[in-house]
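2 protein chains.
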Amino acid sequence: MQKVEELKAGELDARAFIEEEAGKISKIVGGGLAINALSGGVDSSVVTMLGHKALGDRLKTYFIDNALMRKDEPRNIVGIFKKLGVKVEIIDAKKIFLDALRGITDPEEKREAITQTFYKNVFGKLVRKSGARDLLQGTILTDVDETVAGIKRQHNVFEQLGIDPQAAFGYKIIEPLARLRKDGVRKVAAALGLPESVYNRMPFPGPALSARVIGEATPEKIEIVRQATVITEEELASVKAFQYMAILHNDRVTGIRGGKRDYGLQIEIRCWDSIDARNASPTRISYEKLEGLARRMTAEVPGVVSVTYNIATKPPSTMEAV
Amino acid sequence: MQKVEELKAGELDARAFIEEEAGKISKIVGGGLAINALSGGVDSSVVTMLGHKALGDRLKTYFIDNALMRKDEPRNIVGIFKKLGVKVEIIDAKKIFLDALRGITDPEEKREAITQTFYKNVFGKLVRKSGARDLLQGTILTDVDETVAGIKRQHNVFEQLGIDPQAAFGYKIIEPLARLRKDGVRKVAAALGLPESVYNRMPFPGPALSARVIGEATPEKIEIVRQATVITEEELASVKAFQYMAILHNDRVTGIRGGKRDYGLQIEIRCWDSIDARNASPTRISYEKLEGLARRMTAEVPGVVSVTYNIATKPPSTMEAV
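Protein chains in written order, with numbering that gives the first Met the number 0: chain A, 0 to 321; chain B, 0 to 321.
Honestly, I wouldn't trust all of these hints.
One copy or any two copies: either way a pair holds, since identical chains are not told apart in the list.
What the hints assert, rightly or not - Lysine-lysine pairs mimicking BS3-like chemistry, simulated, CA-CA at most 30 Å apart: (1) Lys239 - Lys288; (2) Lys186 - Lys82; (3) Lys7 - Lys259; (4) Lys23 - Lys86; (5) Lys259 - Lys119; (6) Lys171 - Lys259; (7) Lys288 - Lys94; (8) Lys23 - Lys288.
No lab work stands behind these hints, which were simulated from the structure alone. Values in this document were obtained by computation on a predicted structure and should not be read as measured data.
Sequences are here, hints too, so could you generate the full structure?
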């Protein structure tokens with residue numbers, strides 16, 4: 000297992016880091032092509048900019064629409080990069096991901112289905128078709144730690160797990176951010192000229208909205224949690240927090256609609272204060288705001304009769320529920 | 000369907016009410032025996048006192064230990080009534096209730112199993128054995144309303160549903176509190192000399208802790224929610240609220256224990272501000288208190304990695320989740 004040396008945000012010279020990592024990418028890729036997938040999160044956005052700086056048009060960047068994105072996300076993200084002179088191609092892979100998730104309730108199997116679909120059936124095919132030998136990935140040190148510790152099964156840290164990605168999927172992985180935590184990545188993003196909407200963007204999980212559905216992530220449930228996510232992000236936009244999210248539970252709870260019993264859905268809200276995602280505590284949001292959020296959730300999202308707010312810390316909770 | 004006229008707490012003369020209802024009970028029961036089940040809640044406690052006042056030793060009062068009670072509840076309640084000169088007999092029916100709940104996940108079927116077990120297999124037998132023809136019950140007006148509206152299936156309002164209890168279970172039901180809401184019942188309880196621990200006691204559902212478990216109420220899950228209930232009641236004892244509760248979810252969520260991934264349990268806390276249970280809103284408990292509660296919950300209750308707090312109102316939520 001490869002040992003990674005942490006580069007703390009406080010000690011990070013972002014401009015020197017950019018030069019160093021862009022230089023490494025140039026050296027590894029040589030005169031060939033590289034490829035990467037942009038999710039719109041700060042990690043993959045920074046990697047896209049580093050790769051673009053090192054390789055220009057020899058970096059092929061794809062945005063995979065896996066049907067699990069937030070509302071309007073593909074269009075918004077591609078627009079941001081277009082303004083920065085970086086071309087990003089959207090790949091419509093909605094059906095293949097939804098098919099892969101059908102009938103799966105276990106969180107591990109869900110992540111695994113998305114990983115396998117992403118690498119083998121979608122991105123792997125793009126890589127082979129593109130002729131690129133090198134894949135840029137936005138793995139950060141927290142991903143490495145948690146995967147090594149067995150807390151999380153990240154799909155982007157094969158090397159740290161001792162799996163040879165060359166043999167496993169047929170390409171080589173370059174991880175320019177593996178020494179940084181989230182605060183360091185944000186510093187680099189700002190230095191790269193990315194807009195604040197990207198460098199202060201909340202972390203969003205790899206399995207996207209399927210990680211925000213407990214139990215089977217059906218197209219209907221993904222649509223419900225997508226609506227709940229819009230409301231949560233609108234209502235909590237003014238809150239200074241590391242990350243906030245809406246989670247659709249599988250459990251049903253009793254409610255009342257139009258004076259009648261209604262056995263309905265529950266949405267759990269989590270909003271975290273954290274520096275680097277290793278430890279986190281619930282943000283002390285005012286009840287006025289929480290109640291307004293709950294009111295919109297039950298009024299606007301079909302079937303929702305109950306809303307809760309997380310009050311536990313990480314650990315023993317994790318930030319995501321799935 | 001019998002129309003019930005509301006007697007509002009503000010307009011209630013508790014002493015006159017007691018005389019009137021005790022008189023009615025005497026008249027209905029005549030020289031015979033009556034029987035009632037005491038759960039320890041304010042409703043059944045008031046009914047026990049009214050019946051005792053009317054009938055003395057000709058009222059037989061039973062406390063059915065259904066395995067779903069809070070910690071130490073049978074002993075505590077019988078002790079309170081002993082001090083008031085009222086003899087209460089504890090019936091150990093733990094096994095029969097747990098057997099009846101096995102494999103049941105649907106909330107309606109859960110309530111039905113408890114109702115049927117209570118009436119047919121446990122209390123019905125006691126009634127027939129005792130020779131009592133009359134059964135006193137603590138039905139209040141909110142139970143009547145919600146049952147008529149189809150929100151809740153109460154087990155104690157057969158008459159209001161148009162079901163003849165004489166034919167259904169073989170005895171006659173007397174409901175002295177059917178004109179009152181909870182605030183009125185509390186006034187009567189105080190006037191009857193019941194201690195504050197009874198007349199200010201929180202409402203507790205008929206299906207007891209089985210209503211605090213989402214999904215199958217196994218003996219293990221009941222024990223978990225019993226522990227969670229002790230902690231919740233200790234931590235929130237100083238909060239001025241109508242009702243608070245801990246609910247064990249069936250959904251599993253991801254957590255971390257000893258640095259390792261731990262797929263664990265979630266407890267939902269609900270704490271309601273309400274006057275009469277028809278409408279309710281979450282109590283604005285301080286985050287300091289909520290976080291202390293969550294900390295104890297995850298530290299002391301085996302398997303719990305996540306704790307949430309309800310932020311929705313009734314309606315569209317109900318006060319209980321099951």
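| query | Within a copy, between copies, both or neither: where do lysine 23 and lysine 288 come within 30 Å Cα-Cα? | reply | Neither, since 47 Å and 51 Å both go past 30 Å.
| message | Regarding lysine 7 and lysine 259, is the shortest C-alpha distance of 30 Å or less found within a copy, between copies, in both, or in neither? | response | between (56 Å within a copy, 24 Å between copies)
| query | Which holds for lysine 23 with lysine 86 at a C-alpha limit of 30 Å: within a copy, between copies, both or neither? | reply | Answer is within; shortest intra-copy Cα gap is 22 Å, inter-copy 85 Å.
| query | 30 Å Cα cut-off: does lysine 171 pair with lysine 259 within a copy, between copies, both or neither? | reply | Cα proximity of lysine 171 and lysine 259: across copies only (29 Å, versus 58 Å in one copy).
| Up to 30 Å CA-CA - lysine 119 versus lysine 259, copy category | Classified as between; 28 Å across copies, 49 Å inside a copy.
| message | Within, between, both or neither: how does the pair lysine 239, lysine 288 come out at a Cα-Cα threshold of 30 Å? | response | Result: close both inside a copy and across copies, 13 Å intra and 22 Å inter.
| query | What label fits lysine 186 with lysine 82 when the C-alpha limit is 30 Å: within, between, both, or neither? | reply | Only inside one copy: lysine 186 and lysine 82 sit 20 Å apart there, 70 Å across copies, limit 30 Å.
| query | 30 Å Cα cut-off: does lysine 288 pair with lysine 94 within a copy, between copies, both or neither? | reply | neither (37 Å within a copy, 46 Å between copies)
When held up to the earlier numbered hints, the structure conflicts with 7 and 8 and fits the remainder.
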